[in-house]
Structures are given as structure tokens and as C-alpha cells.
Amino acid sequence: MTRELLKGNEAIAEAAVRAGLDAYFGYPITPQTELLEYLARRMPELGRAFVQAESEVAAINMVYGAACTGRRVMTSSSGPGISLMQEGLSYIAGAELPAVVVDVMRGGPGLGNIAACQSDYFQVTRSAGHGDFRPLTLAPATIQEAIDLTGLAFDLAERYRMLVILLVDGNLGQMMEPAESPPFRQREPSLPEWALGGAEGRPPRIITSIYLQPEALERHNLALQAKLAAIAEREQRSSGMYLEDADLIVVAFGSAARVAQNAVEAARARGMAVGLFRPITLSPFPSRRLARLAPRARAFLVVEMNAGQMIEDVRLAVGERAPVRFYGRMGGVEMLPDEVVQAIEQTMHDTRVTKNGARRLDVEVRS
Amino acid sequence: MIAETCVYERPVGLTAAHTHYCPGCTHGIAHRLTAETLEELGILGRTIGVASVGCSVFAYNYIACDFVGAAHGRAPAVATGLKRVLPDRIIFTYQGDGDLASIGLGEVLHAAARGESITVIFINNAIYGMTGGQMAPTSPPGMVTSSSPGGRNPQQMGYPIRVSELVAQMEGAVYVARRSLHNPTEIRKAKKALHLAFEHQIAGHGFTMVELLSNCPTNWGLTPIESLRWIEERMIPVFPLGELKNVGGGRLKVEG
Ligand SMILES: Cc1ncc(C[n+]2csc(CCOP(=O)(O)OP(=O)(O)O)c2C)c(N)n1
Ligand code: SF4
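Chains A and B, in that order, give the protein sequences. Residues in the first sequence are numbered consecutively from 310, following the working numbering. Residues in the second sequence are numbered consecutively from 344, following the working numbering.
In isolation and in its complexed conformation, chain A is listed as follows (with noise of 0.2 Å):
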């Protein structure tokens, strides 16, 4: 294997396609245009399925049709098409298919525009569409991680017949650095044995997300609550740099966490005992490790390119064991390593350590 120059959007959908992509359906929309463009070309030349629909609306429900076969069936979109999608999204867990969705965000809310931004970690993480569900995500920093998760998204999906979404902010999408797209997986034919493809010699077979009664779908609901707290057990994916005697962590995912890391670097050559913890999987949430290391850390900063959202999860997961500060910057807006270091510097100031070994409280600073 050799590493080449990738295209964000281009690497995930070949990452896709080796993968052993069936059907993609998609709608476009930047910044994850290219990744609809690539698979126009890339799908029908392997004899796969490839359908631009006339909406997301559309889009996602091809894929909720394919998915009932159990094959590997994907589609892309941003933050105007996730929100058109969110009805097929809830359908697709409700019914408990695997289905694999990539979120490369831009600016919101409305139009917004299509700049680089993180402002759909609410809309994915937390629900995604309609009644009580979370898909799994997977945030990926650099192109060959994205290329990496992509393939794990598949498999996690089919795993646990469930809908995986991949959150890539548009610089992720639109930029390109060295990457090795992985091996042609050969995969069997054959449907999955819950799956649709005919009744023949056996009784037929129902897929669907309606339960009448409330007890019948209670049960499904918790039989779904079961699955996540099974995946939130098995699942959870983060990495760290510096975190062993930090005095500070920065928490960031995707993008951002690149410029952090910069900052952390240096911060750490000015002799600042920071580290980075990284988040992969944004649901679930890498908690577990995040909460280890509260009482160790001085502080936390969580640095998004949005108002705010992530950092509720680090809230849930420090508790009061450790002040957790916020710095981001919106609309598409990329934050500089320097802005980043002087809201570390801010952090490490306001939260050092009192005279009778007290945390000084918590004051959100905002840019």
C-alpha cells in the first residue's frame, strides 16, 4: 500500500467502496459534494448501486429500503440535508438497521453557510430524529483517521444492526493531505438472516418501527437502551497526548482537536503542563477515561468551533471534580493556535491552585 495525496470527501467514499459499499443515495450539498460525485463514477464502475435522489428526504429512505437487504449502504450529507434526513434516520433505528450516514458539517443554523464548523454535535449525538434513540459517532481528526473509522463504521453498523454516523467537519472534507486507503474487503452475498429478500421456503418476514401498544413498545425501547449501554460499555474510543502530569487538558474532536494540538505543543514548550484528550467516538461519549483523569487535572478547556456543545458531555463526565472552561469560535470561524494558547494561559491563571489547596470556581470565558 502506498500513501497518496486524499481528498477528504473522495478517501471516505473510496474507503466506502473497499469497504464493500452496495448502494449509495445521496443528495448534494457542500462541503460533502465531492463525496457524492466520486461514487456517480466509482459505484456503477464496480456494478454497485448508486442513485442520486431527488431530496435527503428521499435519500435516506433508498437507504432505509437497502438496508433492510443487510447490505452496506451509506449516504452523505451537511447539516440542511441531516435535519431533511432526520425522519429516515429514527425510522432506521427504529427498526434496528444498519446504516452508515456522513455528516461533514458546515455553518448554521438555516442556510448558514459552508464553512468549516462543528455545529451539528447536538443534532447527531443526541438523538438524530424523533422519539428516544443516539446513533453511534465516530468524529475523525485527520484523513487517514477518517478513512479508518469509515471502514469501522460499517462494521460497528452491521454489528450492531445499527445507525453509525460519521461527523466530519468541511475542512475535513475539502482538504487534502498524505493518506493509505485500506485493502478490497471481500464480502459474502449471502442476506443476513433477519434481512428481506423474499419469502421463499420460509414464513415472510416484517420489517418495521411501529409497536401500538405502549407496553410492546416499551419493551423495544428498552431492548434499543440495552444495545447502547452495551456499546457504551464495548465502544468507547478517545486519544491523548501529554495527559500523564497535566495540570490542564484540552478536550476537542475533529478539527478543532488539530488546532489544539498545535496549541498544546506550544504551550508545552513555554514549560505548561498541558495534554490533549481527543474524543473519537462522540457517542458514546469516552467517559469512562474522561473521568479518570478529572481528579488529576487542575482544569479542563473544551475547545469547539461552535457555542458550546461537547462540552456538556465533558460536564457529565468531570462532575464537580474539576472546573471545565469553554473556548470556541462560530460561523465557520477557524480559531488560531495562538487564540487557543491564551485561553489555556487564561484557564491555567484563573483556576490555580488557592492557598488552603481549594479549585477557585468556574468562570465561562467566552471569545
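Be aware that one or more of the hints could be misleading.
[Said to hold, decoys possible] Which bits of chain A does chain B cover? Going by a derived footprint, with three or more residues having C-beta under 8 Å, they are:
(1) 354 to 365
(2) 393 to 402
(3) 457 to 466
(4) 539 to 550
(5) 598 to 611
[Said to hold, decoys possible] Short, incomplete list of chain A residues facing chain B, as computed with Cβ under 10 Å:
(6) M371
(7) A504
(8) P523
(9) L533
None of these hints come from the bench; they were simulated from the model. Using N, Cα and C, we set each Cβ at its ideal position, and we do this for glycine too.
Once you've looked at the hints, dock chain B with the ligands against the given chain A.
Below, chain B with the ligands without anything else, positioned relative to chain A:
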């Protein structure tokens, strides 16, 4: 002693379940015709149905093939997904007028335009049955419903949409027919239409749709017999019966 002869049996394509439809509702007739057609064409075992939202939401409990329940109006998109990954299977949707002509008009027109090789069974009863009798895009002018209590006034509420005429215009549609379930003669014609639609699909010609004018005695506030007369007197003038399109051999494949 008279020997017992069975002249009419439950088709293999219908399950033994009792339907939940109101007495006199023609959803049951449409189910039977669908089941008989799948059985007669020998395709029941490789058919996947897409149930929609409306009174027929539980169609999968009655028609004995694989089934998936779709969101309101999205059945043609769900059918597209199924057909694209399993092109050798027979895929049909079963949708009411609220489902297909209102929220799902885009999905059905685009599936037709793409020439998806699926069959849409469109139950037009001019009203929203399941939600309790609201006006549908197919309600004739003057029709009293719970959301047009003074009768549908086209100046305020628009005119009924003739979906079959719209769909027939789509290049990708190869067979479109409107039939009715209000008397035995028409029921036989409806069955013939379903046969033709599925035969086109088996041959892979393109998009097919059979619209079936149906009743809703409950929400129309009529007895079953009166409701069948209402179809004849009030619906057929707005929705003329007939074969709107039958492209022998399907559409030409475009090279290049
Ligand atoms: C997105 C969405 N909007 C509204 C509804 C509520 N709803 C359920 S059935 C229905 C109308 C169905 O009418 P029709 O398709 O004519 O079928 P019928 O019940 O008459 O057979 C509506 C509006 C829903 N389930 N989903
Ligand atoms: S409400 Fe109307 S359409 Fe629904 S089952 Fe009853 S009669 Fe049939």
C-alpha cells in the same frame, strides 16, 4: 346428497389473520386482488412489499410476503432502495391518497421519472382514513370532511390532483391505469390491471402504477352500499377510469 365443491378459496398470498379494516371497506378487496395476482404470477416468494402510513399500515399482517413499513409518503423511495440492491426481486408499494398524493407526491413522481421497476398500488378513497377523515388532495370539490366542514371549496382549498395523469406523463412510467372497486365488473378489471403492472415489472420495463378508487364508509359517513354508489357518482366523474399508459416492451434503453 350434494358434493361439496370449493369455488373460492383463500389465496395462498393472504394470511389467516382477520383484517382490522372497517366493515365494507374496499382495502380488503385490494389486498385480495394483490395476493391473488402475486400467487397467479408465481412471484409471491420473491416479492417484497412496502407498506405505507394510513389505514393499510398493517398490510404486512395480511399479505403473505416479505414486507417493510415505510414512513408517511416515502414508500417509493424505500422501494427504490430495495430494487437497486435486489434487482431480481419484485417490489411493490401499497399507499393511500394522503400518503401518495400529499406528503409523498415528490417520491412517487421521481420514482416514475427514474423508471424504477416497481409497482405502486394507489388506494384513492378521497380522504385521510386513519387520522379520522380529513380532506385529501384527491377530495372532490364540495366534499365534506373534518377539515373541510363546509365542503371542499376549490377557491380556498384547491382542486383535486389526478395523480395517475401526472405519473403517466413521466417518461419512465410504462404502465398506469385507474380502476375502481365499486362493483364486480370493475373489480375484475382492477385485477387485470394489477396483473399487467406486475408483468411489466417482471419483464423489467419500468415504473408501473395501478390507482384503485376505493371507499371509506366510516369517514364518508355512509353505509357500505351507499359508499359504493358514491364512488360511481362522485369520484368517477373526477377520476375517469381507464388505462392511461401501456408501453409495450417498455422504454427503449438509451446507450452511451
Ligand atoms: C410525517 C407524518 N405526518 C402525519 C402522519 C399522520 N397520518 C397517519 S395516516 C395519515 C393519512 C393517511 O391517509 P391515506 O394515505 O389517504 O390512507 P387511508 O388511511 O385513507 O387508507 C396521516 C396524515 C404521520 N404518520 N406521519
Ligand atoms: S377508516 Fe375508512 S379507509 Fe380506513 S379502514 Fe375504515 S373504511 Fe377503510
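Do the hints match the structure? See the list:
| no. | hint | verdict |
| --- | --- | --- |
| 1 | 354 to 365 | holds (count 5) |
| 2 | 393 to 402 | holds (count 3) |
| 3 | 457 to 466 | violated (count 0) |
| 4 | 539 to 550 | violated (count 0) |
| 5 | 598 to 611 | violated (count 0) |
| 6 | M371 | 4 Å, holds |
| 7 | A504 | 9 Å, holds |
| 8 | P523 | 17 Å, violated |
| 9 | L533 | 17 Å, violated |
Hints 3, 4, 5, 8 and 9 from the earlier list are contradicted by this structure; the remaining hints agree with it.
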